[in-house]
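**Q** Each chain is listed here by its residues.
There are 4 protein chains.
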Amino acid sequence: MVQGIVNWNTGETQEWLQQYVDDWVSFYRKHTNDGSVASYIPILQEADPNDLGITIIGKNGVSVRSGDTHRPFTLQSISKAITFIVACMERGVSYMLNRVDVEPTGEAFNSIMHLEMKPVKKPLNPFNNAGAITVTSSLPGETSAERLEPVFQLLERMLGYRPRLNVDVYESERDSSTRNRAIGYYLLEMDFLESDLDVTLETYFKQCSIDVTIDDLARLGMVLANDGMDPKTGGEIIPRQVARIAKVLMLTCGMYDASGKFATYVGIPAKSGVSGGILAAVPPRVRDETMPFTDGCGIGVYGPALGEKGNSIAGIRLLRHIATQWDLSIF
Amino acid sequence: MVQGIVNWNTGETQEWLQQYVDDWVSFYRKHTNDGSVASYIPILQEADPNDLGITIIGKNGVSVRSGDTHRPFTLQSISKAITFIVACMERGVSYMLNRVDVEPTGEAFNSIMHLEMKPVKKPLNPFNNAGAITVTSSLPGETSAERLEPVFQLLERMLGYRPRLNVDVYESERDSSTRNRAIGYYLLEMDFLESDLDVTLETYFKQCSIDVTIDDLARLGMVLANDGMDPKTGGEIIPRQVARIAKVLMLTCGMYDASGKFATYVGIPAKSGVSGGILAAVPPRVRDETMPFTDGCGIGVYGPALGEKGNSIAGIRLLRHIATQWDLSIF
Amino acid sequence: MVQGIVNWNTGETQEWLQQYVDDWVSFYRKHTNDGSVASYIPILQEADPNDLGITIIGKNGVSVRSGDTHRPFTLQSISKAITFIVACMERGVSYMLNRVDVEPTGEAFNSIMHLEMKPVKKPLNPFNNAGAITVTSSLPGETSAERLEPVFQLLERMLGYRPRLNVDVYESERDSSTRNRAIGYYLLEMDFLESDLDVTLETYFKQCSIDVTIDDLARLGMVLANDGMDPKTGGEIIPRQVARIAKVLMLTCGMYDASGKFATYVGIPAKSGVSGGILAAVPPRVRDETMPFTDGCGIGVYGPALGEKGNSIAGIRLLRHIATQWDLSIF
Amino acid sequence: MVQGIVNWNTGETQEWLQQYVDDWVSFYRKHTNDGSVASYIPILQEADPNDLGITIIGKNGVSVRSGDTHRPFTLQSISKAITFIVACMERGVSYMLNRVDVEPTGEAFNSIMHLEMKPVKKPLNPFNNAGAITVTSSLPGETSAERLEPVFQLLERMLGYRPRLNVDVYESERDSSTRNRAIGYYLLEMDFLESDLDVTLETYFKQCSIDVTIDDLARLGMVLANDGMDPKTGGEIIPRQVARIAKVLMLTCGMYDASGKFATYVGIPAKSGVSGGILAAVPPRVRDETMPFTDGCGIGVYGPALGEKGNSIAGIRLLRHIATQWDLSIF
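Residue numbers (the UniProt record's numbering), protein chains in the order written: chain R, 1 to 331; chain S, 1 to 331; chain V, 1 to 331; chain G, 1 to 331.
Hints should not be assumed to be uniformly reliable.
[Stated by the list, open to error] Restricting the straight-line Cα-Cα distance to at most 25 angstroms, the calculated cross-link-like pairs of lysine-lysine (DSS-like) are:
#, chain 1, residue 1, chain 2, residue 2
1, R, Lys261, R, Lys309
2, V, Lys121, R, Lys121
3, V, Lys261, V, Lys309
4, V, Lys122, R, Lys118
5, R, Lys121, V, Lys30
6, S, Lys59, S, Lys232
7, V, Lys309, V, Lys59
8, S, Lys309, V, Lys122
9, V, Lys30, S, Lys122
10, V, Lys122, S, Lys261
11, S, Lys309, S, Lys261
12, G, Lys261, G, Lys30
13, S, Lys30, S, Lys232
14, S, Lys118, V, Lys261
15, R, Lys122, V, Lys232
16, R, Lys30, R, Lys261
17, G, Lys232, G, Lys309
18, G, Lys309, V, Lys121
19, R, Lys309, R, Lys30
20, V, Lys30, V, Lys261
21, G, Lys261, R, Lys261
22, S, Lys30, S, Lys309
23, G, Lys118, R, Lys122
24, V, Lys309, S, Lys121
Simulated from the structure, these hints should not be mistaken for lab results.
Using the sequences and the hints given, assemble the complete structure.
**A** If you want it as structure tokens, here you go:
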């Protein structure tokens with residue numbers, strides 16, 4: 001495992017920072033025993049529950065990597081943040097906010113009952129499955145390939161390479177996702193979908209099945225932390241308003257029905273997936289100048305052992321520890 | 001329109017009874033203006049909203065027909081009672097009661113949220129869509145044709161002819177029923193279904209699309225009123241226990257979320273469908289001997305203009321009037 | 001313990017009937033071990049969980065008593081049926097049905113959420129606590145004593161004596177019933193109550209705390225079975241329409257959220273209370289002439305060990321056995 | 001109306017800043033017509049619906065005041081933030097977070113059903129009424145006066161004077177708050193309350209009835225923005241951890257069921273009350289140096305005309321405008 005801190009500009013390593021992070025990863029790796037890998041999508045069960053890895057990339061190019069940093073894993077619900085951003089870029093922010101609300105719900109990610117309980121005019125937010133599928137239905141294009149093209153393009157602009165669809169995960173997901181089909185038909189009934197349900201679900205399952213690494217997530221997080229601008233060139237990758245809204249949603253709804261607790265104990269906009277990944281965006285902050293990453297940073301975490309709410313159990317604890325030590329909270 | 005009261009045995013007509021029923025049908029036909037035909041299945045909108053007809057068949061063979069007695073219409077939710085009976089006959093009563101509860105819910109027929117709200121182990125009753133689809137999934141056979149064969153056979157034994165599937169209605173239903181697919185996938189997720197969802201739904205849409213007349217419904221009601229025995233021969237068509245449970249469910253859950261009001265104001269086991277049909281079974285009762293049909297009767301009603309709960313608006317009022325006049329309540 | 005069957009008119013005993021019932025009570029007494037006495041009102045915990053008793057009174061005066069027939073116990077939820085009847089008599093049926101709906105809910109008796117979940121215009125039925133408290137608020141009179149006076153008078157007309165308020169139970173109930181106060185304030189907020197909440201709740205707790213025996217319940221049941229008429233004199237005690245509606249509600253909502261199962265397996269209008277009492281009304285029926293009580297009967301059961309839904313566990317099983325043996329079902 | 005920007009240290013005024021804010025207040029004052037004053041507490045209806053005022057106080061002492069700055073109004077739900085802070089200071093953070101969760105709910109502030117719908121072990125957050133009343137029950141002391149003493153003391157330390165209880169509002173609130181009593185009894189039933197309900201509710205209604213001005217709210221907001229430290233002296237008024245959690249809750253749950261939209265469009269931790277007040281805390285941020293208040297600021301708004309979610313309608317729009325102009329978002 002190749003690790004180390006590199007300054008993108010100078011190439012210098014900062015040994016002390018690396019040492020700390022290595023110690024923390026070692027410590028929290030034991031916490032993976034408190035969780036278990038996702039079982040509702042069969043292929044996800046093949047992950048190694050003891051994996052834990054983190055990448056932190058700062059605006060100034062300083063980065064830290066530790067633990068199992070090279071495992072590829074699929075985006076799963078993290079893709080909800082990406083497709084929401086793409087849909088806002090393709091269709092406009094106000095258009096999208098007319099189609100999906102931005103209120104946290106307190107319900108599980110796969111809840112369907114809140115759609116029936118009150119006379120809602122749109123799904124409650126883009127990060128529960130009902131809202132996310134609605135967002136996916138808004139992507140332009142006929143086929144799932146056409147719809148995902150701008151998603152892949154955006155990812156490529158941020159990552160420097162075009163990530164790949166994990167076909168095995170996609171097929172496993174497609175073949176096991178009865179709840180999402182239930183939600184999909186319910187949305188169709190409510191007239192919330194903008195396109196054919198089958199294509200929408202195919203697109204949705206594919207967006208969930210894009211392979212990434214924690215380096216990738218950290219890069220995405222860095223762009224969001226930087227309000228959508230490329231941290232190196234300063235060029236706009238995501239419009240500032242869209243990047244901001246994405247961070248708001250990550251904070252209020254990003255960690256399933258533990259979002260409130262994550263905001264309270266960690267205080268960073270983040271989005272998790274049941275594959276065990278977490279994408280976090282730490283905006284710049286005015287704090288003790290001796291702290292690392294005061295200019296903002298992106299963080300990618302991978303730890304497939306999940307807690308009861310579906311978030312990486314060791315990943316959350318590791319993030320809480322780091323956020324406390326380095327005072328990363330946005331509040 | 002040929003009408004009249006015939007005694008199956010003697011052929012005698014009872015003019016006075018006929019006169020009363022004709023008057024009542026004329027009176028309540030005006031009430032069809034207070035409702036409107038079902039719109040959620042497109043083809044049902046083609047029905048004539050002013051239609052109203054009733055057939056009453058007594059155990060002793062006396063029958064009364066009045067109004068629009070010859071219109072064919074599809075069973076729709078009335079089929080839920082039939083398939084529940086068939087499933088009990090094919091799989092056993094205790095088997096079926098383990099798969100679906102028998103509690104009224106207070107929710108709309110197409111509600112899905114009660115499945116999520118509490119940790120239910122089975123759908124709450126066989127007459128809301130979730131329960132009915134579960135029942136249909138329990139019918140033996142591979143194809144929808146095989147599964148419906150015992151349904152058609154039971155109907156044929158009661159009606160004396162084999163009713164036909166209305167293909168136009170079936171196709172309209174199949175193509176428009178997103179809510180039922182949502183419910184179906186939810187049931188699949190809960191592991192409530194015993195067979196392939198597509199076949200189950202195809203079977204379900206077909207059972208809803210069987211063409212009948214009010215004479216047919218009255219005959220079905222007469223058999224149920226007679227505890228499952230053929231009123232002429234005394235032979236068992238439906239086991240007594242099954243016929244009884246069907247009548248209980250018709251009383252407690254048969255008229256959608258107006259079942260309590262129908263029980264209160266009419267007091268007869270009945271099952272309605274959105275096509276405007278109502279199947280009612282009046283058990284024999286100890287009352288004033290001068291009343292007609294004290295030996296029990298079956299009643300079929302057709303009136304496609306529906307009230308807000310999905311029941312024939314004039315049909316319910318006509319039944320209420322007759323039940324009050326002749327004291328048909330089981331209470 | 002004095003037992004035996006007496007014919008009110010002739011004084012004859014029917015030994016064989018008595019023998020059967022004694023055997024069944026002995027058998028089902030063991031089932032009391034499957035339940036436990038109510039704990040949410042402290043004083044109810046003092047009941048002997050192994051008690052089981054039944055009284056059946058026929059229209060013709062034949063009666064059977066067996067088991068623990070002399071234990072006094074409080075009406076608890078059985079009083080909901082009585083006050084609903086009294087309110088209908090005092091205020092009129094249509095007035096009351098405008099204030100409280102008659103739909104079963106599928107929810108627990110003390111549920112409050114269904115009031116918030118949908119835009120209901122009235123409590124869903126008079127037998128859950130929300131509806132029952134609303135009914136009690138409709139009783140005329142200033143003080144709880146004035147409000148209960150017609151309740152006591154009606155009971156006295158049916159029982160031949162004026163039952164007493166059990167002050168210890170009333171005080172225990174009043175002091176422990178936080179949930180009912182929550183419901184009461186919610187009803188006040190919804191503007192459903194017709195009178196002062198404190199007086200309403202005092203009245204409600206008192207109506208629940210009236211001491212009766214199973215003989216009393218059997219007499220009440222007999223009057224209801226007889227459509228409100230005194231079985232000896234034929235005089236009207238309760239208007240027929242009111243007696244009928246009470247029986248409908250007992251069947252659809254009388255046994256908490258096990259009402260559907262009770263209707264399915266027993267098929268008799270009945271109302272239970274957490275004290276372990278059950279009041280059942282068996283209307284006359286056309287069945288095998290050799291069966292006892294074909295002219296209808298009232299049944300009182302006492303068995304304080306409750307099942308999970310709050311009904312006497314051995315009492316329900318005993319009633320199911322008897323109803324099956326004697327074919328008492330109204331269906 | 002005396003207005004102007006004063007630098008607490010130098011006394012200098014910044015005319016241009018004042019001019020902008022005056023213009024914006026004039027503009028948004030017209031928006032008060034889109035809302036209406038709260039009606040559920042009778043005395044609140046006496047407010048002038050066209051009032052609108054704002055005070056902004058920066059860390060460096062610069063302040064801006066505009067509009068109706070001298071109207072006293074009661075804290076109402078804003079007090080939920082204060083008592084949560086006091087309870088954390090008195091009982092400890094982990095103690096309080098064990099008693100009340102920190103998850104947004106998506107439900108109305110006065111919802112009770114979420115307590116019944118799932119097997120919750122604690123109210124979902126301290127800012128809906130169920131959670132807030134639970135928090136109030138945790139305040140130490142026997143009488144409401146004793147319980148409120150640390151609340152008043154904390155307010156006095158931040159405001160420089162001891163605010164007064166508005167007895168008229170308290171009495172109006174106490175006499176009209178049936179829903180809060182329903183919630184209170186429900187909490188009692190769930191065993192969530194730590195002290196006598198009557199004292200708890202008395203305390204709760206009193207904390208809602210403390211009179212403040214927008215200057216007061218701005219000072220409170222400034223202390224929270226400054227992580228609990230006195231902006232002048234640097235001394236700790238509120239422990240940093242507690243101030244942080246308060247800001248998290250303000251962002252995720254502070255604006256009733258429009259909290260998600262406020263976070264999305266404004267992006268500032270804020271707490272509103274039905275009196276029309278809004279308390280906002282803007283942490284320091286790294287942004288364009290030419291923007292005002294980059295060191296953080298506290299904001300107090302008053303505008304009693306409310307939108308459908310219970311927040312000051314013009315106040316929210318004014319805050320959105322200012323936050324956009326000066327880039328105050330924490331994201």
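**Q** Holds or violated: are the alpha carbons of Lys122(V) and Lys118(R) at most 25 angstroms from each other?
**A** 18 angstroms, holds
**Q** Between Lys261(G) and Lys30(G), is the straight-line Cα distance small enough, at 25 angstroms or below?
**A** 22 angstroms, holds
**Q** Verify the proposed pairing of Lys122(V) with Lys261(S), using a straight-line Cα cut of 25 angstroms.
**A** OK: Lys122(V) and Lys261(S) at ~14 angstroms, within 25 angstroms.
**Q** Are the Cα positions of Lys309(G) and Lys121(V) separated by 25 angstroms at most?
**A** Status holds; Cα separation ~22 angstroms.
**Q** Please verify whether Lys309(S) and Lys122(V) have alpha carbons no more than 25 angstroms apart.
**A** 17 angstroms, holds
**Q** When you check the alpha-carbon spacing of Lys30(S) and Lys309(S), does it fall within 25 angstroms?
**A** 19 angstroms, holds
**Q** For a C-alpha distance cap of 25 angstroms, please report whether Lys309(S) and Lys261(S) respect it.
**A** 11 angstroms, holds
**Q** Keeping to a limit of 25 angstroms between CA atoms, is the pair of Lys309(R) and Lys30(R) held or broken?
**A** 19 angstroms, holds
**Q** Decide if the proposed pair is consistent with the structure: Lys30(R) and Lys261(R), CA atoms, cutoff 25 angstroms inclusive.
**A** 22 angstroms, holds
**Q** Holds or violated: are the alpha carbons of Lys309(V) and Lys121(S) at most 25 angstroms from each other?
**A** Holds: Lys309(V) and Lys121(S) sit about 16 angstroms apart, inside 25 angstroms.
**Q** Compare the distance between the alpha carbons of Lys232(G) and Lys309(G) with 25 angstroms, and conclude whether the hinted pair is satisfied.
**A** Roughly 36 angstroms between the alpha carbons, so the hint for Lys232(G) and Lys309(G) is violated.
**Q** Between the alpha carbons of Lys118(G) and Lys122(R), is the straight-line distance 25 angstroms or under?
**A** 23 angstroms, holds
Of the hints listed earlier, those the structure fails to meet are numbers 5, 7, 9, 13, 15, 17, in rising order.
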